[in-house]
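Participant: Listed here are the chains, written in short residue letters.
Protein chains: 2
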Amino acid sequence: MNEDIEAGLLVQMMVYGNFGDNSYNGNYYTRDIVTGESRLVGHFGHNDFDTPPESATDISEFKPEYLKQLQQVSTQLEEKFLDIRQIKFVIEDGVVWVVEQNPVDAKSTQAEVRTLLDLYNKQLIDKDKITKTIPPTQLQDLLHPVIDHATTKGMTTIVGGLAGSPGAAVGRICFSTPTLLEEYRRCSLAGLNSDLILVMAHTDAEDVEAIEMGKAVIASVGGYASHAPVVARSLRKPCLLNEDIEFHDGYVILDGQRVNELDTISIEVPTYTDPTIWLGEAQLVFPDTSTNGLEDYIQALGDVTDSFRVLGSATTESDVEVALRLGAHGIGLFPVDHVMQREKPVAAFREALLMSDPKKRGTALKAFEEALEHELTPILTAVGERKITLRLLNGPLTEFLPHGEDEQDRVYKALAKKHSGVNAAELALRASQMRNVNPMMGLRGSRIGISYPELYEAHVAAILRAAYAASDGGKKTIDLDLVIPGVMADAEVRFIRHGRSIESTVIPGVGGVAASLLKEWGLKEMPFQARVGAMIEVPAASLMAGHMAKQSDFFTIDTNMLTQTTNGMSQADVNTFLPAFNQYDILKDNPFQILSTPVKELITATAHFGKMTRPDVDIGLSGDHASDPSNIEFAFRTKLNFVSCSPYGVPIAKLAVAQYLMNNKS
Amino acid sequence: MNEDIEAGLLVQMMVYGNFGDNSYNGNYYTRDIVTGESRLVGHFGHNDFDTPPESATDISEFKPEYLKQLQQVSTQLEEKFLDIRQIKFVIEDGVVWVVEQNPVDAKSTQAEVRTLLDLYNKQLIDKDKITKTIPPTQLQDLLHPVIDHATTKGMTTIVGGLAGSPGAAVGRICFSTPTLLEEYRRCSLAGLNSDLILVMAHTDAEDVEAIEMGKAVIASVGGYASHAPVVARSLRKPCLLNEDIEFHDGYVILDGQRVNELDTISIEVPTYTDPTIWLGEAQLVFPDTSTNGLEDYIQALGDVTDSFRVLGSATTESDVEVALRLGAHGIGLFPVDHVMQREKPVAAFREALLMSDPKKRGTALKAFEEALEHELTPILTAVGERKITLRLLNGPLTEFLPHGEDEQDRVYKALAKKHSGVNAAELALRASQMRNVNPMMGLRGSRIGISYPELYEAHVAAILRAAYAASDGGKKTIDLDLVIPGVMADAEVRFIRHGRSIESTVIPGVGGVAASLLKEWGLKEMPFQARVGAMIEVPAASLMAGHMAKQSDFFTIDTNMLTQTTNGMSQADVNTFLPAFNQYDILKDNPFQILSTPVKELITATAHFGKMTRPDVDIGLSGDHASDPSNIEFAFRTKLNFVSCSPYGVPIAKLAVAQYLMNNKS
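These protein sequence lines map, in sequence, to chains A and B. Each residue of the first sequence is one higher than the one before, starting from 1 at the first, in my numbering. Each residue of the second sequence is one higher than the one before, starting from 1 at the first, in my numbering.
Since the hints were made in silico from the structure, they are not lab data. It is possible that some hints are incorrect.
Identical copies go unnamed one by one, so any copy, or any two together, can satisfy a pair.
As the list claims (entries may be wrong) - DSS-like mimics (lysine-lysine), calculated; alpha carbons at most 30 Å apart, straight line: (1) Lys550 / Lys588; (2) Lys600 / Lys611; (3) Lys550 / Lys132; (4) Lys153 / Lys611; (5) Lys550 / Lys519; (6) Lys344 / Lys88; (7) Lys665 / Lys417.
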């Protein structure tokens, strides 16, 4: 009340919207609470006391003179309260009165962000205010698809329930895991739409696969910490909990409405308001960050700090583009494996893998080197002067061999036709010999570089050639980092960097490959920076970080892998036991979202030992954890230098960094 | 020379074995250098200067009067030099002269052990001497099969080459990996003998599978650190290196002899003398430790120390018997999973897993409990008063489901027939849902106990019932330890020990199960000791050992698993990259034999944190590392309390412990 009086706008006496032909009543928001657009949204009634919305007229059709006055009120109130307001007005015989005005709870994140930006641009709020207002994870609302509300017109709408996991989905409903999996298989095989939503009283360990295959899950029993929401959040799928579901044979009664199994529904579970179910097929729209305010918001936050970088992880050119657009300082992790999988490089590489004759192998590797250079050059060009960290060949090698019988048959036959003295059966045998029992812990990363040095040489040469081309022969700046995956200690890093000479065998390493290229180019030194670092994926590497730092310019800690190896916990399988662990308080969080204690200890050890040996070693996190605010705080406390997150994690991480710095100003 | 003079036996003048009809010459060993049997082994010639062995007569056919004198010389020399001696003699006109006597290099370990035992029994040497003489790993010679030399008579014998990895084998030779694998498959499928030996100039990464499938490997190029011996040692297969092999199309020339591909050969690679190849099929004999001196030797070493125990790991009754016979202080690790796999328990258990109806599940679990108790009782009875540590259910659960289509079909159909309303397709689906992507890091160990508490309750009840039966209702002493696999921190141990009550759900835990049984038996407390401890398999558990010790009476560190998780290195795949790592000095040893540095750091952390919280927590190693002398030394330095090795590792570990204690007497 005081607040309203202070605003000097509150009517202090009774006024009447039904006073005569020149009288009105109405309600409006100072701006669109979903899109954040600065236009009045509401309705009015004519010569009436309090017109219900359904018989009222849209406020945009109001007389311009009144509209102008209401807009003035709106601007004054927003500028006073620095937020969106909801206003009730009466026009008594041509005079505009504000009867009531209130804050708005149910506004979208987009509306909130846009309001902040407008106020900031008017210099009514400062950078601290735009930094601290929104919790970082809430930015997800501007990143995941939403239901296009224009397409839900006329559908039965069921509002309410608990948000188990945010998001939106459209799909046909299934009432059991066998039904969903069966339908999923049938549709996938037939090339039909296989978007399905699991609807059950409650889910259990055996339903994890269905939640994974489905687009969303709805349950009627349980709370935020029960099975369905725990698994859904872990898999980043929307989940809605609604008590008002009655299960019958082949149909459910949803808030009084009958819905048959395999009928299509649409759901939206926002973070800012109640979840909604629509009976029918709405359209999902993917957010446009250039218009929904996110990019402007991140821009307004500014480059948070030079000493702590938020980088984006990418596997495609489009990822690179999105990450940079969303404010990434550079590309913190780009696996060369993904580029090697493209048509031309993979064809040449698999030929090299399958040929036992060294000459044929050499020819194939040369072709591979050229094809890979060709693919990498535009990526390095696109990043421009910003940093890009390429992860060297990781494998396992079987990833590059043909998959499935048809492809195998085709590839082996083609190779047998191309090369005399080579038959398909022999190639199949050679391919089968490359299989590891536990590929994740077998011959991969630096182990490939040590066991098959020629494979590493070829792809390193391709990378350096691409960087040379992208730098236009050294005229443009290129900031290239090479990170070596799958290392346990310093000896592997040294081998990959510097190679080794034993008797007649000379393995050049990255340094030797660079030296050969310099000779070819007639140069004395590389015309671009190329640092070499180590991926920290296993506890051994953390514990050996002191030694490792002698050989490494930087460490990229792969928190997903480190969580798997430290806890003996496969990310692909964690949902089979995580719900029980959450339920019985054995684990409070998902260790693949919030770093677990032992993993934090190992990261601390990595930083401690690493910086003891080499104070300037650059250390950062990459993985699913990298954008979570609580992990960002940990990264600061541990004196790390960067995080590299998925492109859509970049704005979240940037906001978390900005908030951390604001709260810890010295 | 001086030594001989001191013995007072050396002839100081020329004597002649060809002096007349009553003159002889000869050579003999004071005992059998292969078996260690105390009888003269050698030959003599009649009225001759120096008869070559092939035309000489076996010494056992010598005149009793001479034999008696030679036996006296033999005894005197052994008692003087405290070892086997080789003696050259001359009988000149009826007078026995020792011309020369020397130590014997090429004696078997068995002969050495037996000689030591004889001298010890005669009180000519003390316990220190019998303890220090033999390197612990050399006892392996008394444990692995050897060629029965009686069956090699008349075969071409090729002596020489380098020992790459000790052992003996008989098999048909193959000159390439594809040939060996093809022949192996063909014979295995047809039920024929598939014992094959790989013979190649040198092996490479793609030959690892053939070395694994084969019985032994022979290479002509390379030394002790080259590919074939490294892989063979890692797989504990015999490997022989012999430069004198010429490779031709379909045959080899072996020391001048032609041998065709798929011909059978026999090889022996002892630690004490040159390797031998026989062209032909000899018999392999398995050692009898009750007659070859090993058991007597271990007995003579005595119970090395009470504060450090050497235990045996076992999966069968026969393992238990062998481990105890070879001197184990008790059974340090017996996985209940193995007993659960027996016919009756597994049938009931898989029924419990596959039934979704709680009542049917309960009935099946009750049957499982009874069947498991029945299997466990004789094992606990056999161990008697000595300790046995049972590892609780480890899984993954798919291990207990039927494997292969035929078995699946049979089991599902049988269950569908037994239970109305259950069909085979549904069972197959339920089984497929239990599959994990990475079973080793998925739902296993305590995670099963937490996600499916009823499975843990049933097998814990069976164990306690069996212990009660074996203790004859408490009249006999039982020393039972239960170890919980697959734990990351203290919360899991607490849950498994003490259970949990949440709302209406009561999970009894080991304590609750015990309480119910006491009620049933009408007892106040358990009539036998049953401690509960944690398996340390993942780095997280090591790092959390301080907390864990609050909940655990003991820790069993599974060094194989810990090596896998710490180094991100699968034991099944290590041979695909270990040879290159050895060759380039990146790893000096096989981390699955000698503990690697980071694993040692984690073991040290486990002991340090664990004993800080609870000084009496009992900590030990189990796994392939547990019997290696260098790891034993580490275990002492780290103040561990026990090791548990494979039954055949027990004597090696005991000797290593005895030597360590002798060398570190305070």
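Participant: Decide, hint by hint, whether the structure agrees.
Facilitator: Hints versus structure:
1. When the C-alpha separation of lysine 550 and lysine 588 is checked against a cutoff of 30 Å, the pair qualifies only between copies, where the shortest distance is 20 Å, while the shortest distance within a copy is 38 Å.
2. For the homomeric pair lysine 600 and lysine 611, the shortest alpha-carbon distances inside one copy (16 Å) and between copies (22 Å) are both at most 30 Å.
3. Taking the closest pair of Cα atoms, lysine 550 and lysine 132 never come within 30 Å of each other, the shortest separation being 40 Å inside a single copy and 42 Å across copies.
4. Proximity of lysine 153 and lysine 611 under a CA criterion of 30 Å is satisfied in neither setting, with 60 Å inside one chain copy and 68 Å between copies.
5. In this assembly of identical chains, the alpha carbons of lysine 550 and lysine 519 lie at most 30 Å apart only when taken from the same copy (27 Å versus 64 Å across copies).
6. In the homo-oligomer, the alpha carbons of lysine 344 and lysine 88 never lie at most 30 Å apart, since the shortest distance is 65 Å inside one protomer and 77 Å across protomers.
7. In this assembly of identical chains, lysine 665 and lysine 417 lie within 30 Å of each other by CA distance neither inside one copy nor across copies; the values are 68 Å within and 72 Å between.
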